[in-house]
Amino acid sequence: MTLKIQKWTAVLCSLILLALLATSCTKDPNVKAKEGQKNEYNVDMNSSETTETELPGFHSYGTGKTEPVTVGGVSINVKSYAVRSYELAYMMGQKEFSSPNQLSVDVLTQYGFSHVLLPNLNETTNKTMEYRTATLEQIQAELQKLFGTVDADLTKAELYKPSEKIFEMWMPDYGCNIYYTIDAVNVEGNKADIITTFYNELARSTMLGRTTLTVTVQNGAAAISALKTE
Amino acid sequence: MKKVLAILLASVLLLTVMPLAVQAEETDAESTVTTISEDGEYTIDCEQNGPLDISGAKATVTLDNANIQNHNRSAIHVKDGADVTFVLVGFSTIKGNENVYSCGIQVEYGSKVTFTGEGTLNVTGGKWGAAIGSYGTDINIPEEQRVQVGEITIESGNINAFAGRRGSGIGAGYHVNGNKITINGGVIHAYGKECGAGIGCGYGTSGGAIGVAAVGEYDSGTIIINGGEVYAGTEWNQSFDYSDLAALNASDPGSFAAGIGGGYGASASHIEINGGKVVARGSCGGAGIGAGRGCSKAEKYNQNAYKSNVYISGNADVTAMTASSRAVPGGSEANQSAGAAIGSGRGSHTGGVIEIGGSAKVTAISATQAPAIGASKQKSPVDGAIPVAQSITIGDGVTLYAVSAGAYAVDKDAASFSVSDAVFGSSDRWFFGEDAVAIADVASVKAESTKGEKTYQALPTGSVSLWANIVDPDEPGDEPTPQKAQLGIVTPLAMAVRFEDGSVYYSGDTVEIEIGKEYRFQMCCVDWSTRDANSEKKIHRPYEVFTPEHGIYEDETRGFRGTVVYTVRVSDKYNERSYDAENHAFVLPKGDPVLRTDTNRCFMAYRFTFENGDYNKQTGIEKVVYDTGIDHENTLDDFQYNKPLEYLSVNLPLGSTVEAIAYDNYVEFARANVFVEIDEENPEECYKDYVWPY
Numbered sequence: 000m001t002l003k004i005q006k007w008t009a010v011l012c013s014l015i016l017l018a019l020l021a022t023s024c025t026k027d028p029n030v031k032a033k034e035g036q037k038n039e040y041n042v043d044m045n046s047s048e049t050t051e052t053e054l055p056g057f058h059s060y061g062t063g064k065t066e067p068v069t070v071g072g073v074s075i076n077v078k079s080y081a082v083r084s085y086e087l088a089y090m091m092g093q094k095e096f097s098s099p100n101q102l103s104v105d106v107l108t109q110y111g112f113s114h115v116l117l118p119n120l121n122e123t124t125n126k127t128m129e130y131r132t133a134t135l136e137q138i139q140a141e142l143q144k145l146f147g148t149v150d151a152d153l154t155k156a157e158l159y160k161p162s163e164k165i166f167e168m169w170m171p172d173y174g175c176n177i178y179y180t181i182d183a184v185n186v187e188g189n190k191a192d193i194i195t196t197f198y199n200e201l202a203r204s205t206m207l208g209r210t211t212l213t214v215t216v217q218n219g220a221a222a223i224s225a226l227k228t229e
Numbered sequence: 000m001k002k003v004l005a006i007l008l009a010s011v012l013l014l015t016v017m018p019l020a021v022q023a024e025e026t027d028a029e030s031t032v033t034t035i036s037e038d039g040e041y042t043i044d045c046e047q048n049g050p051l052d053i054s055g056a057k058a059t060v061t062l063d064n065a066n067i068q069n070h071n072r073s074a075i076h077v078k079d080g081a082d083v084t085f086v087l088v089g090f091s092t093i094k095g096n097e098n099v100y101s102c103g104i105q106v107e108y109g110s111k112v113t114f115t116g117e118g119t120l121n122v123t124g125g126k127w128g129a130a131i132g133s134y135g136t137d138i139n140i141p142e143e144q145r146v147q148v149g150e151i152t153i154e155s156g157n158i159n160a161f162a163g164r165r166g167s168g169i170g171a172g173y174h175v176n177g178n179k180i181t182i183n184g185g186v187i188h189a190y191g192k193e194c195g196a197g198i199g200c201g202y203g204t205s206g207g208a209i210g211v212a213a214v215g216e217y218d219s220g221t222i223i224i225n226g227g228e229v230y231a232g233t234e235w236n237q238s239f240d241y242s243d244l245a246a247l248n249a250s251d252p253g254s255f256a257a258g259i260g261g262g263y264g265a266s267a268s269h270i271e272i273n274g275g276k277v278v279a280r281g282s283c284g285g286a287g288i289g290a291g292r293g294c295s296k297a298e299k300y301n302q303n304a305y306k307s308n309v310y311i312s313g314n315a316d317v318t319a320m321t322a323s324s325r326a327v328p329g330g331s332e333a334n335q336s337a338g339a340a341i342g343s344g345r346g347s348h349t350g351g352v353i354e355i356g357g358s359a360k361v362t363a364i365s366a367t368q369a370p371a372i373g374a375s376k377q378k379s380p381v382d383g384a385i386p387v388a389q390s391i392t393i394g395d396g397v398t399l400y401a402v403s404a405g406a407y408a409v410d411k412d413a414a415s416f417s418v419s420d421a422v423f424g425s426s427d428r429w430f431f432g433e434d435a436v437a438i439a440d441v442a443s444v445k446a447e448s449t450k451g452e453k454t455y456q457a458l459p460t461g462s463v464s465l466w467a468n469i470v471d472p473d474e475p476g477d478e479p480t481p482q483k484a485q486l487g488i489v490t491p492l493a494m495a496v497r498f499e500d501g502s503v504y505y506s507g508d509t510v511e512i513e514i515g516k517e518y519r520f521q522m523c524c525v526d527w528s529t530r531d532a533n534s535e536k537k538i539h540r541p542y543e544v545f546t547p548e549h550g551i552y553e554d555e556t557r558g559f560r561g562t563v564v565y566t567v568r569v570s571d572k573y574n575e576r577s578y579d580a581e582n583h584a585f586v587l588p589k590g591d592p593v594l595r596t597d598t599n600r601c602f603m604a605y606r607f608t609f610e611n612g613d614y615n616k617q618t619g620i621e622k623v624v625y626d627t628g629i630d631h632e633n634t635l636d637d638f639q640y641n642k643p644l645e646y647l648s649v650n651l652p653l654g655s656t657v658e659a660i661a662y663d664n665y666v667e668f669a670r671a672n673v674f675v676e677i678d679e680e681n682p683e684e685c686y687k688d689y690v691w692p693y
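Protein chains in written order, with numbering that gives the first Met the number 0: chain S, 0 to 229; chain L, 0 to 693.
Rather than coming from a laboratory, the hints here were simulated on the basis of the structure.
Note that this is a predicted model, so its numbers are computed, not measured.
Zero decoy hints are in this set.
On the chain L side, residues computed to face chain S include the following (Cβ under 8 angstroms):
1) V563
2) N582
3) L653
4) G654
All residues carry an ideal CB built from backbone N, CA and C; glycine is no exception.
With the hints as extra help, turn the sequences into a complete structure.
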């Protein structure tokens, strides 16, 4: 009897694993995850790091000081901001800025546009030739969530099509795995500096770089205010 | 959404305007009659399917996708002196009842209708009825009791008018006189049915009711065409190509009416064409443009009443044809005359008056034993003589093509005959004849002067059709075959374009695209290690700017792709060329469809240098310019294509992020991710400097 139960347990586990894999295969990366929805493939930070394994598709693998912190009365998901650091530094090529207003209109527009489509840019599938459109309001709303108020005329961007008053873009091929360790989260007043080291592989044997992302809380909302990259 | 708005607007309009004007009465189980009796503007849309009366009012009625049919009466009845302007919007269908004396749109004598707008109207007559005009009766009517249809004017719109049995397409019904039809614009296809003319009047009489009505006594009234495109035939059958006279001759259309003018037994007292394009065909003894078929017996014929008068002037472009269904070689009426293409029908005593002037272009083709222009050559019912035209005048500004089978092309025996020498040159080469067998193959008809210098062809055989290509917007129509063009591609050095279907093209390539269609594409940079200075592909490339060093772009492994969306469209014009940099849109002339992407805002040339000096420092770019590990022993290839370079200048697509690598004596020591964008300080420049901080 015991043996039977073990067999059934094994079968059930296999089915669950298969179901999870099937879900991963059919997931549309262009459908943004709902607010607060858990990414099934992010590493559970409460578990041992030795349980990290590479999964199909593109995912973020984070370790270190990944617990949320409270800044100015607002809970900050530091893992999310670690990924934002990678996106800005490596995908958008913006190594350093002390204010989002220092970012060019083309960078802001493409970054905001990409976030209209995806919560985490590295999760795109790098499919060929995917045409997408977005409105000014959609992109502005994303930038507001990311950076707070940004003084930029997005209609000056190359992705803007004046004749139709829309933004259009070929999906960038940002798909990749992100391996990182959050080294420190320094909270001071309404600011938090999130120091993250990025690696080239899951084993974290070679370093890609290190970022310090400053998140500022104003009017009850957190926003990226500065970035430095080493 | 438009329909909904139209319905709402119509409802509001009806609610605010019509309470005093509209009365509703029961007509049959399914429908009520809407009556407009006060002046004003009204809209009939797809929601209102009941029959409509317009009584005594001066009204503007918009037919907005209207659909009125299947009632036991005319769908729309204009009466009591009403003056109605119909505005055509969308695609409206109006039908009478084939089992009930009715029209699609019945216009009573004393009333008048005018059609305007840009929409399409499909309108069909009912029993003995015109599509637009009057219905009639199967009882021949004494002259004193005979009535006319009301007045009909067409200013614009697309009107397809299909008569009911024995009615005309536009005009009078069976045993009813025409009144006045004026066409100033629009595209009109009108088809009479079973002895009714396309435009004019319906079945008049066969003469069998002599004492009540003789041949010639019914008349098509005044028909004036000043503009538009008018196609008129004597029956409607989708399977016929009306330009194929051979096919018509081999069949039995059963019509004795003119294309424009009289129905069977009816005169055409005044047909005036001053402009526009007109194509008309009569059959089985009816003229193309003129009177309908008459009879062979004097007692059935009214010599004083019979008229056939046609006046063509201005810049009118007229094609008139006749075919005799009974004139099949060897058939019982093989030698019977057809009606003239322009003139009288068979069984008449005169060809009437025919005047062609101005700068008109006239093509006239008659099938058997009748001139193209003049009187039918069947014996006169009056005295048995061969009839001639009363008068034929052709001015010197006229362009004329005329051909007949078995008769003179133009009736040279007309009582009064005046044809400018400028038209024909000399009397020896005026007229051309072919026998009936020869003309059975109309496409091969070629009328030539045997003595003169000029050659005349019976045109436009095989190129004119009376058939209306009607496509209900709710039904799928035949898609027109798209025109294609070979689009040439020119790119900046070491770049490529990729179209939305994933196809990648390099400088010098060509791609077949549809003219008029907009294509999206993106810019890509290639992997320099795949470039080949010794490529022989150049000989296959038509453009001199092509470099055989184009290299290869491949997703994820070779090169980068940009995010900016570009479009290209090849115009159907030869001189339309533009590049709208703001919208990244190319429009190219079809005569020279070359897509030149080596222009501003299609790429950026990045120039990499080092802040502390460039000596022995190189720059590479992942997947573009990098050390492949292949030793080319310092050949040109080695330095140009497969090694990082000092002062690297590389063309890159906007919106991509490349990974640049800094080398010191070819040893990597730094990397940087570079977002490729326009230089905000020099937005009009195609290059941008990137300075390593080393």
